[in-house]
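In case you want the letters, here they are:
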Amino acid sequence: MTELGLTPFLLLAAFLFACGVACVTVKRNAIGVLMGVELILNAANVNLVAFARFNSGFRLDGQVFALMVVVLAAAEAAVALAIVLNFYNNHATVDVDEANELKG
Amino acid sequence: MLDWFSSTPGRLYVVGTLLPLAAFALLLTAGGLRALCRPFRKQGGFAAKVYWTLGGDTPGRGGAYLATASMAAAAVLGAIGLVLVLGDHTTGAERTARWGERADWLRIGSLDSAAPPVWEKQRETDPTRPAPGPALALEVGYKIDQLTAVVFAMVTFIGTLIFVFSLGYMKDETKETVADHEVDNQRQPTPPAPLPEGKGETDTHDAHDAHHHGTPLPSGRGDGGVGSGYSRRGRFGRFFLYLSLFCFSMLNLVIADNLFQVFVSWELVGVCSFFLIGFFYERPSAARAANKAFIVNRVGDAGFLVGIFVAWTYLGTLNFEEMNRRVRGPDPAAPGLVRVTPAGDGALPLGDARADGTHLVLRPASATKPATGTVPVPAKPVCTDHGALPYWLFVVMGVGIFLGCVGKSAQVPLQTWLPDAMEGPTPVSALIHAATMVAAGVYLVGRCHPLFAPEVLLVIAYIGAVTLFISATIALVQTDIKRVLAYSTCSQLGFMMLALGIGGWVAGLLHLITHAFFKALLFLCSGSVIHGCHHEQDLRKMGGLRAKMPITAFAMLIGVLAISGAPLLSGWYSKDMILSAALAYVSVHPEHWLLFALPALTAAMTAYYMFRLWFLAFTGRPRDVHLHDHAHESPAVMWLPLVVLVVFSVGVAWGWPLWEAHASQLGHVLEKAEPASVSAAFAAERAKEHHVHTAAGLVALVAAVAGAGLAFAVFYRKQPTPEALYARGPAWHSFLLNKWYFDEAYDAAVVKPTVALARAAAAADKRPGGATEPDGKRLDLRTLDGLLNALGQCAAALGGFLRGAQTGRVRAYVAALALTAVVMLWMLAIK
Numbered sequence: 001m002t003e004l005g006l007t008p009f010l011l012l013a014a015f016l017f018a019c020g021v022a023c024v025t026v027k028r029n030a031i032g033v034l035m036g037v038e039l040i041l042n043a044a045n046v047n048l049v050a051f052a053r054f055n056s057g058f059r060l061d062g063q064v065f066a067l068m069v070v071v072l073a074a075a076e077a078a079v080a081l082a083i084v085l086n087f088y089n090n091h092a093t094v095d096v097d098e099a100n101e102l103k104g
Numbered sequence: 001m002l003d004w005f006s007s008t009p010g011r012l013y014v015v016g017t018l019l020p021l022a023a024f025a026l027l028l029t030a031g032g033l034r035a036l037c038r039p040f041r042k043q044g045g046f047a048a049k050v051y052w053t054l055g056g057d058t059p060g061r062g063g064a065y066l067a068t069a070s071m072a073a074a075a076v077l078g079a080i081g082l083v084l085v086l087g088d089h090t091t092g093a094e095r096t097a098r099w100g101e102r103a104d105w106l107r108i109g110s111l112d113s114a115a116p117p118v119w120e121k122q123r124e125t126d127p128t129r130p131a132p133g134p135a136l137a138l139e140v141g142y143k144i145d146q147l148t149a150v151v152f153a154m155v156t157f158i159g160t161l162i163f164v165f166s167l168g169y170m171k172d173e174t175k176e177t178v179a180d181h182e183v184d185n186q187r188q189p190t191p192p193a194p195l196p197e198g199k200g201e202t203d204t205h206d207a208h209d210a211h212h213h214g215t216p217l218p219s220g221r222g223d224g225g226v227g228s229g230y231s232r233r234g235r236f237g238r239f240f241l242y243l244s245l246f247c248f249s250m251l252n253l254v255i256a257d258n259l260f261q262v263f264v265s266w267e268l269v270g271v272c273s274f275f276l277i278g279f280f281y282e283r284p285s286a287a288r289a290a291n292k293a294f295i296v297n298r299v300g301d302a303g304f305l306v307g308i309f310v311a312w313t314y315l316g317t318l319n320f321e322e323m324n325r326r327v328r329g330p331d332p333a334a335p336g337l338v339r340v341t342p343a344g345d346g347a348l349p350l351g352d353a354r355a356d357g358t359h360l361v362l363r364p365a366s367a368t369k370p371a372t373g374t375v376p377v378p379a380k381p382v383c384t385d386h387g388a389l390p391y392w393l394f395v396v397m398g399v400g401i402f403l404g405c406v407g408k409s410a411q412v413p414l415q416t417w418l419p420d421a422m423e424g425p426t427p428v429s430a431l432i433h434a435a436t437m438v439a440a441g442v443y444l445v446g447r448c449h450p451l452f453a454p455e456v457l458l459v460i461a462y463i464g465a466v467t468l469f470i471s472a473t474i475a476l477v478q479t480d481i482k483r484v485l486a487y488s489t490c491s492q493l494g495f496m497m498l499a500l501g502i503g504g505w506v507a508g509l510l511h512l513i514t515h516a517f518f519k520a521l522l523f524l525c526s527g528s529v530i531h532g533c534h535h536e537q538d539l540r541k542m543g544g545l546r547a548k549m550p551i552t553a554f555a556m557l558i559g560v561l562a563i564s565g566a567p568l569l570s571g572w573y574s575k576d577m578i579l580s581a582a583l584a585y586v587s588v589h590p591e592h593w594l595l596f597a598l599p600a601l602t603a604a605m606t607a608y609y610m611f612r613l614w615f616l617a618f619t620g621r622p623r624d625v626h627l628h629d630h631a632h633e634s635p636a637v638m639w640l641p642l643v644v645l646v647v648f649s650v651g652v653a654w655g656w657p658l659w660e661a662h663a664s665q666l667g668h669v670l671e672k673a674e675p676a677s678v679s680a681a682f683a684a685e686r687a688k689e690h691h692v693h694t695a696a697g698l699v700a701l702v703a704a705v706a707g708a709g710l711a712f713a714v715f716y717r718k719q720p721t722p723e724a725l726y727a728r729g730p731a732w733h734s735f736l737l738n739k740w741y742f743d744e745a746y747d748a749a750v751v752k753p754t755v756a757l758a759r760a761a762a763a764a765d766k767r768p769g770g771a772t773e774p775d776g777k778r779l780d781l782r783t784l785d786g787l788l789n790a791l792g793q794c795a796a797a798l799g800g801f802l803r804g805a806q807t808g809r810v811r812a813y814v815a816a817l818a819l820t821a822v823v824m825l826w827m828l829a830i831k
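Chain order of the listed sequences is A and B. The numbers in this note's numbering rise by one with no breaks, and the one at position 15 of the first sequence is 15. The numbers in this note's numbering rise by one with no breaks, and the one at position 224 of the second sequence is 224.
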């Protein structure tokens with residue numbers, strides 16, 4: 001198996017990140033926005049792992065960071081979903097544009 | 001206690017000066033306390049007790065008696081001091097120590113009073129260097145010489161008499177409510193009251209302002225308005241409060257030994273005159289006259305300040321004696337100014353005192369020996385060093401100091417305030433015109449005489465000559481009894497200035513003293529007349545008052561004779577000396593013939609207008625029967641000061657032999673105080689004076705007799721009809737009646753442009769349509785307000801625009817963030 005090198009991983013991470021940002025930007029659905037955020041986080045994960053693999057200065061640092069991010073993402077998703085659920089209960093919608101009660 | 005005085009008798013004068021100040025402070029405290037307690041007067045308690053103890057609603061008289069007593073005590077001290085000064089035969093340093101003390105007040109520069117180490121080192125190598133003087137410091141101090149003693153005695157004595165007179169004259173002010181009809185008269189739009197100024201546009205504003213800014217003791221009745229009659233609370237105590245402060249300022253000015261202290265008192269005198277001239281400040285005319293006196297004096301004071309600055313910078317001291325020693329040199333035999341052109345190597349070639357040059361040699365203030373040959377000019381001269389002062393700056397200094405005196409002593413071109421100052425109560429006029437304010441200017445010219453370059457002295461002489469002539473011509477036609485006297489004061493002050501300018505130092509200051517007595521007498525007499533005629537001042541309505549008020553008539557006749565220069569009365573001595581000094585000067589310098597022609601002519605005019613006043617007021621048939629019927633002699637408290645002043649007006653300048661003007665005893669006293677430079681600079685004139693003085697005396701006498709005779713013929717033999725008095729004369733008559741149009745000229749040249757400038761500034765400041773346009777709608781860049789608003793409007797518009805970006809939509813923010821990141825990364829990439 002030929003060695004792939006760093007670049008394809010970074011390209012993949014960039015693509016994932018772009019997708020995530022696009023998703024966060026375009027979606028009005030709160031669940032969709034959350035999914036975009038997950039994509040962004042995972043793009044970062046890919047980067048971390050890829051750098052850890054291809055940079056001899058690191059040992060397991062990147063992987064540990066990635067695990068950390070996964071854990072954080074899970075926690076974040078839990079909290080965010082709870083908020084979305086609550087919002088749905090109160091407003092019968094998950095459209096983020098409707099969440100404007102705090103607007104000045 | 002006695003020890004304290006006998007070691008330094010000059011302290012008598014300090015105590016005498018501080019007495020009126022103490023009276024002022026007490027009156028001020030009492031009045032202020034009462035005003036503070038006034039709101040609680042009905043609630044009882046401590047504050048109310050204080051209020052009722054201090055007089056309550058009725059103006060108290062205790063303060064007035066206190067002020068009069070302290071002034072009388074000052075007069076006693078002044079008399080004792082005068083005797084001591086004249087009897088003191090010590091000389092030199094001992095005399096200086098006995099009659100003067102000085103102390104630093106504000107030290108500017110080195111805090112250490114010891115000599116700087118540099119000096120000590122220099123003195124080791126060169127012991128001939130003069131000892132260092134004190135560091136530059138503003139000082140307070142006093143120095144008593146014969147001039148100070150005489151003027152001090154005069155001010156306190158006349159001041160006491162005026163205080164006593166005021167006790168009677170200001171009696172109205174002791175009432176709980178005083179109705180001031182004058183205020184109503186001046187406020188009524190029709191008919192326009194004959195205001196002294198003829199600038200009627202702003203009167204009501206003045207009065208309102210004056211009233212509202214008023215004082216801790218308002219009448220509580222508001223500004224009565226037209227018809228209802230204006231009335232207010234009497235202000236007896238306040239009058240004496242101001243008078244005391246006035247006297248303190250003047251006394252402090254007289255005993256001061258340095259220019260700075262003089263300046264402080266100078267300003268105090270100015271502000272007191274402002275208070276007193278505007279004593280009836282509800283009257284628009286009085287408020288305006290007070291402002292005018294104050295503002296016109298500021299013009300002069302600006303010049304005075306310039307003079308002080310030059311002296312401070314170049315002479316390094318403001319002490320009179322040190323300044324004189326710096327410019328005149330220590331040698332009493334040759335106390336002239338030395339002009340030189342400094343040599344290239346920074347040395348002053350000393351030599352012939354009469355030589356020409358661009359600079360004036362400054363000598364060390366403490367040197368005792370005259371320097372000869374050349375002396376080095378230090379780069380930065382201090383008052384212990386030799387130095388050089390550009391001659392033109394020396395002239396500027398003299399002119400500046402004199403300009404201050406022009407303002408205070410009401411000389412042309414700043415004379416316009418003095419006649420308007422008649423708006424004050426008559427005792428104030430007497431005080432201002434006789435003893436204090438106007439005397440200050442002449443006194444200072446006498447004090448600073450050694451500091452004046454010959455050019456400056458010539459200016460002084462000409463200003464004096466022009467003033468005495470112009471004022472006398474105006475006085476010829478005035479119909480208000482006080483205004484005639486006011487212009488005669490201007491004229492007499494011109495005589496004094498003229499005398500000082502042509503080297504008649506003694507003559508000018510002697511005239512200051514004698515004039516103070518007879519002018520105080522004349523003013524108090526006119527006050528008595530005004531009081532007896534129920535505040536009528538128009539000469540045209542008087543007449544035949546001699547039968548009604550014999551004492552006043554007699555006293556005034558003496559005053560008139562004295563001012564006209566009737567032989568053996570005090571005015572004759574001083575005027576004779578002035579005229580002979582003038583004639584001597586003119587015979588040495590024939591090109592300045594005006595300096596004798598004008599005073600000789602004016603002597604005749606003086607006699608004419610003074611006799612005209614007396615004949616119009618006291619002789620003939622009564623022209624206003626109603627006025628005449630109700631006229632009465634004043635109470636004793638008012639005529640007693642008159643009698644005392646009569647005695648002094650007759651005899652204050654007497655000497656033996658009586659018929660010799662130059663034998664005047666007072667003149668001899670003043671002569672001892674004359675700076676040595678005067679007789680040195682005017683030696684030729686002095687020598688001439690003995691030859692011409694009979695001729696000058698004859699001229700003065702003939703002039704006086706001619707003037708008096710003309711007045712006798714016109715106003716006594718041929719009784720003028722009332723119609724003739726009211727008639728409008730030829731063009732020259734209205735020219736004189738309008739005071740040579742000085743006020744109008746200043747109005748057009750200064751006041752109008754200033755007002756126009758202010759209006760233009762106001763117009764540029766305000767938005768034209770500001771009232772109707774809602775704010776922030778329209779840009780207006782033509783006015784200041786508009787410009788500033790435009791700045792605000794731009795900021796507001798920018799804010800409104802940027803507000804659109806803050807939508808509150810997180811997705812939009814994220815998009816912006818992402819796009820920004822992309823753009824930045826792209827910029828990094830293309831680097």
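Because the hints were derived from the structure by calculation, they are not lab data. Take these hints with a grain of salt, some might be off.
Unchecked claim - Selected chain B positions facing chain A (in silico; Cβ < 8 angstroms):
{"no.": "1", "residue": "Leu802"}
{"no.": "2", "residue": "Gly804"}
{"no.": "3", "residue": "Ala805"}
{"no.": "4", "residue": "Arg809"}
{"no.": "5", "residue": "Arg811"}
{"no.": "6", "residue": "Ala818"}
To be verified - The calculated label-pair distances, taken between Cβ atoms and stated as ranges, are:
{"no.": "7", "chain 1": "B", "residue 1": "Ala829", "chain 2": "A", "residue 2": "Tyr88", "range": "57 to 67 angstroms"}
{"no.": "8", "chain 1": "B", "residue 1": "Trp826", "chain 2": "A", "residue 2": "Asp95", "range": "27 to 37 angstroms"}
{"no.": "9", "chain 1": "A", "residue 1": "Ala92", "chain 2": "B", "residue 2": "Arg809", "range": "58 to 68 angstroms"}
{"no.": "10", "chain 1": "A", "residue 1": "Asn100", "chain 2": "B", "residue 2": "Ala761", "range": "47 to 57 angstroms"}
{"no.": "11", "chain 1": "B", "residue 1": "Asp785", "chain 2": "A", "residue 2": "Ala92", "range": "47 to 57 angstroms"}
{"no.": "12", "chain 1": "A", "residue 1": "Gln63", "chain 2": "B", "residue 2": "Cys794", "range": "27 to 37 angstroms"}
{"no.": "13", "chain 1": "B", "residue 1": "Cys794", "chain 2": "A", "residue 2": "Val69", "range": "27 to 37 angstroms"}
{"no.": "14", "chain 1": "B", "residue 1": "Ala761", "chain 2": "A", "residue 2": "Leu102", "range": "32 to 42 angstroms"}
Claimed, not checked - From chain B, some residues computed to sit far from chain A (all C-beta separations above 10 angstroms):
{"no.": "15", "residue": "His592"}
{"no.": "16", "residue": "Arg759"}
{"no.": "17", "residue": "Gly808"}
{"no.": "18", "residue": "Val810"}
{"no.": "19", "residue": "Val814"}
A virtual CB, placed ideally from N, CA and C, is assigned to each residue, including glycine.
Hint by hint, here is what the structure shows:
1. Against a cut-off of 8 angstroms between C-beta atoms, the interface hint on Leu802(B) is violated, since the closest Cβ of chain A lies about 14 angstroms away.
2. Interface hint at Gly804(B): violated, since its Cβ lies 14 angstroms from the closest Cβ of chain A, which is beyond the 8 angstroms cut-off.
3. Because the beta carbon of Ala805(B) sits about 14 angstroms from the nearest beta carbon in chain A, more than 8 angstroms, this interface hint is broken.
4. Because the closest C-beta pair between Arg809(B) and chain A is about 7 angstroms apart, less than 8 angstroms, the hint holds.
5. Evaluation of the Arg811(B) hint against chain A yields a held restraint, the C-beta minimum of about 5 angstroms falling below 8 angstroms.
6. Restraint check, Ala818(B) versus chain A: the minimum CB separation of about 5 angstroms is within 8 angstroms; hint holds.
7. Take Ala829(B) and Tyr88(A): their Cβ atoms lie about 43 angstroms apart, and the range 57 to 67 angstroms is violated.
8. The supplied range of 27 to 37 angstroms is met by Trp826(B) and Asp95(A), whose beta-carbon atoms lie about 33 angstroms from each other.
9. The supplied range of 58 to 68 angstroms is broken by Ala92(A) and Arg809(B), whose beta-carbon atoms lie about 21 angstroms from each other.
10. For the hinted restraint 47 to 57 angstroms between Asn100(A) and Ala761(B), the CB-CB distance of approximately 53 angstroms keeps it satisfied.
11. A C-beta distance of roughly 56 angstroms is found between Asp785(B) and Ala92(A), which places it inside the suggested range of 47 to 57 angstroms.
12. Restraint check, Gln63(A) to Cys794(B): a C-beta distance of roughly 57 angstroms breaks the suggested window 27 to 37 angstroms.
13. At roughly 48 angstroms, the beta-carbon separation of Cys794(B) and Val69(A) lies outside the given 27 to 37 angstroms, and the hint is violated.
14. In this structure, Ala761(B) and Leu102(A) break the distance hint of 32 to 42 angstroms, their C-beta atoms being roughly 51 angstroms apart.
15. Non-interface call for His592(B) relative to chain A: holds, since the shortest CB-CB distance, roughly 88 angstroms, exceeds 10 angstroms.
16. Its beta-carbon lying about 48 angstroms from the closest one in chain A, Arg759(B) satisfies the requirement of being farther than 10 angstroms from that chain.
17. Not every Cβ of chain A is farther than 10 angstroms from the Cβ of Gly808(B); the closest lies at roughly 4 angstroms, contradicting the non-interface assignment.
18. Not every beta carbon of chain A lies more than 10 angstroms from that of Val810(B), the smallest distance being close to 7 angstroms; the non-interface claim is violated.
19. Non-interface call for Val814(B) relative to chain A: violated, since the shortest CB-CB distance, roughly 5 angstroms, does not exceed 10 angstroms.
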